[in-house]
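There are 2 protein chains.
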Amino acid sequence: MPANLDFYFDFISPFGYLASLRVDELARKYGRECRWHSMLLGISVLKVMGLPPLTQIPLKGEYLGVDLKRYLRRHKLTLARSREMGPSNPIAAGRAFHWIDARDPALAKSAAKAILNAYWQQGTDIGSVEAVVTIVEGAGADARALRAGFASGEADRLLRAAVDRSLALGVFGSPFFMIDGEPFFGLEKMELVEEWLASGGW
Amino acid sequence: MPANLDFYFDFISPFGYLASLRVDELARKYGRECRWHSMLLGISVLKVMGLPPLTQIPLKGEYLGVDLKRYLRRHKLTLARSREMGPSNPIAAGRAFHWIDARDPALAKSAAKAILNAYWQQGTDIGSVEAVVTIVEGAGADARALRAGFASGEADRLLRAAVDRSLALGVFGSPFFMIDGEPFFGLEKMELVEEWLASGGW
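Chains as they are written, first to last, in numbering that gives the first Met the number 0: chain A, 0 to 201; chain B, 0 to 201.
Read the hints as simulated data drawn from the structure, not as lab findings. A portion of the hints provided could be inaccurate.
No copy labels: a pair is met if it fits in one copy or bridges any two.
The list that follows gives simulated cross-link-like pairs (lysine to aspartate or glutamate, EDC-like), each with its CA atoms no further than 20 Å apart [claimed, not checked]:
(1) Lys75 <-> Glu190
(2) Lys112 <-> Glu32
(3) Lys68 <-> Glu187
(4) Lys108 <-> Glu153
(5) Lys68 <-> Glu194
(6) Lys28 <-> Glu193
(7) Lys75 <-> Glu181
(8) Lys59 <-> Glu187
(9) Lys59 <-> Asp163
(10) Lys112 <-> Asp141
(11) Lys68 <-> Glu181
(12) Lys28 <-> Glu194
(13) Lys68 <-> Glu193
(14) Lys59 <-> Glu181
Using the sequences and the accompanying hints, generate a full structural model.
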C-alpha cells in the first residue's frame, strides 16, 4: 500500500489555503491517501527559525503579496481576506482540528476545509473558540464534546504535540508536503510533487 | 521589441548557478534578450532583510541542502563544490562582471559563465582578484584593463551601483527574474516564467 501524502498547513497562511484546494485531487490521482496536518507557522515555526513574520521581512514581504495576487489572477480565484484586515489567531482552529483529528481524521479534514473556507472566502474571524466551534459543528463535529476538549486542555495538548512532531520532521513552512520521507516546501512545489508521484521519485 | 528577461544571480548561490544553465535558452525560445546581473545575496541583500545566511537558518538550511541534491539527481547534474568546502567571497567576481558589463554585456555574460563553471564545476576558489582575472581573461576579457579597473576603484563602484539598483527593484534572492516589470524569485519559478512568456502574462 503506498504511503500517505502528508500535507501541512497553517490556517492563516494564504499559500497553505491555496494548496488545500488542490492537494486532495493530486493525491487521489496517484492513489495516495492525503493526510492533513495543521501547524503554527508564525506562532511556533518562525520563532524556532529566528525569523519575523514573513510579511514583515524587507523585500520578501512585498514580493509575497505580488506573488499571491499573481497566483489568484492566474487561477481566477478571489479571497475575502486582504493583508490589511490582519490575521486571526490560528490557535483555536488548530486545537479544534487536532482534537477532531485524534478521533476522526476524515471529519477533521472536513472541519479544516470549513474553517479555511470561512476564513478565506467569507472573511470570518476564526480567532475565538466559539467561532471555530460554530464552524466545525456545521461540518459535523460534536460541539459539546469539542468544548469539553477545549476546557480540559486536551485540545491544547494535542495541538502542541502535533506542532512538535511537525518541527521534528523539519516542516518549516505552509504549505509543506511529505511524501515517501521526502520534504517539499511551498505552493510552487506542487508540480514537482506531482512529478515525484508520477515517476516514483528520483 | 519585447522587453528583456533580466536574470539576477549571486556567483556563489547554487540555485543561481543552476538557473544560469537554463535561462538563456528560455529567453531565446520566446524571442527575449536575456540580460545577466550579478548581485550579492549574503553580503548585501540578506543584511537588508535582517536574515542570517540561509544555510544557517534552522530547518530551512537543512531543507535547502535536500532540495539542491534532489534537483541535481533529477537533472543528472553534479557539482564540484559541497557546502563543507565553504563559499568563496563573491566580491571580486561581481566587480569583474560589472566592470566588463559596463563595456560589453555579451562578454560579461561569457565571463560570468566562465566564473560559474570554474567555481561550480572545477571547485576553483574565486575569492581573489587574480583568480577572477585569470578566469575571465580565458573568456576574452582584457586582463590588463580589468586590473586597472580594480585598482582605480571603478569595478567596486560599478558593483555597488548594481547592487543598489537590484535592491531598489526588489531583487532579494538568487536566482531572481524580472520580466515586463514582474518579479519571480527562485529556481522553481522558471516554469512559471515560461508560462508568463508563452501566455503574455496574466
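These are the hints, each one checked on the structure:
no. : hint              : verdict
1   : Lys75 <-> Glu190  : both (18 Å within a copy, 19 Å between copies)
2   : Lys112 <-> Glu32  : within (16 Å within a copy, 45 Å between copies)
3   : Lys68 <-> Glu187  : both (14 Å within a copy, 18 Å between copies)
4   : Lys108 <-> Glu153 : within (19 Å within a copy, 60 Å between copies)
5   : Lys68 <-> Glu194  : between (26 Å within a copy, 16 Å between copies)
6   : Lys28 <-> Glu193  : within (9 Å within a copy, 25 Å between copies)
7   : Lys75 <-> Glu181  : between (31 Å within a copy, 18 Å between copies)
8   : Lys59 <-> Glu187  : both (16 Å within a copy, 16 Å between copies)
9   : Lys59 <-> Asp163  : between (27 Å within a copy, 16 Å between copies)
10  : Lys112 <-> Asp141 : within (16 Å within a copy, 63 Å between copies)
11  : Lys68 <-> Glu181  : between (29 Å within a copy, 12 Å between copies)
12  : Lys28 <-> Glu194  : within (12 Å within a copy, 23 Å between copies)
13  : Lys68 <-> Glu193  : between (23 Å within a copy, 18 Å between copies)
14  : Lys59 <-> Glu181  : between (26 Å within a copy, 14 Å between copies)
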